[in-house]
Amino acid sequence: DAMVIQNPRYQVTQFGKPVTLSCSQTLNHNVMYWYQQKSSQAPKLLFHYYDKDFNNEADTPDNFQSRRPNTSFCFLDIRSPGLGDAAMYLCATTRQGNEKLFFGSGTQLSVL
Amino acid sequence: SQQGEEDPQALSIQEGENATMNCSYKTSINNLQWYRQNSGRGLVHLILIRSNEREKHSGRLRVTLDTSKKSSSLLITASRAADTASYFCATVSPNDYKLSFGAGTTVTVRA
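Chains as they are written, first to last, in the numbering used here: chain A, 4 to 115; chain B, 1253 to 1363.
Take these hints with a grain of salt, some might be off.
Lysine to aspartate or glutamate pairs mimicking EDC-like chemistry, simulated, CA-CA at most 20 Å apart [stated by the list, open to error]:
1. A:LYS103 to A:ASP88
2. A:LYS41 to A:ASP56
3. A:LYS103 to B:GLU1305
4. B:LYS1278 to B:GLU1305
5. A:LYS47 to B:GLU1307
6. B:LYS1308 to A:ASP54
7. A:LYS103 to B:GLU1307
8. A:LYS47 to B:GLU1305
9. B:LYS1278 to A:ASP56
By construction, these hints were calculated from the structure, which means they are not laboratory data.
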């Protein structure tokens, strides 16, 4: 049974057209993360939430925002996608911050 | 920022052989974790080793940690074609909840 679910699996958007990626979890974990992974590279942390406490990485572009309306759901909003934002976006959760992460299957974003 | 560096970048072995990959990191850690990623999929946690541990086993996996050298290794014994994947090390610092990943090692197991 999937415990961290990301929708959609593939997302195609147009240059400059806002897009929202979603993540839900059935694990009741406190911490949720969004990572960006470009081809053949390491996952790069964009944001993380500890409960409702939002933490933005210093080098995350302003174009990226996140919302966590409740424990189960987290959203990644890209306000004006550029060609360089095409990547796999990975959502992950953990009960506390120093334990193993559970990842979703990812959303592959294409920008045309 | 990227914490770990992995070596080698790519590894090709015959089924049944062992695969060893190494990870080095820069700052102090709470724990170090290894993940596996099949092409186009999310990451799957393999094993976690804490800073006060030196070796850990899980099935065909063996992980070592040397905090004095800031390095870790992952050994996969008796490899199978299904072990073909990318393997990432990741570190958690003592000060925050962030998991920082290395660039990964791509392992190809030939049948």
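Status of each hint after checking the structure:
1. A:LYS103 to A:ASP88: Distance of about 27 Å is beyond 20 Å: violated.
2. A:LYS41 to A:ASP56: Judged against 20 Å, a Cα distance of about 27 Å means the pair is violated.
3. A:LYS103 to B:GLU1305: holds, 16 Å
4. B:LYS1278 to B:GLU1305: Between B:LYS1278 and B:GLU1305 the Cα gap is close to 18 Å, so the pair holds against 20 Å.
5. A:LYS47 to B:GLU1307: violated, 27 Å
6. B:LYS1308 to A:ASP54: violated, 31 Å
7. A:LYS103 to B:GLU1307: With Cα atoms ~17 Å apart, A:LYS103 and B:GLU1307 stay inside 20 Å; holds.
8. A:LYS47 to B:GLU1305: violated, 27 Å
9. B:LYS1278 to A:ASP56: violated, 27 Å
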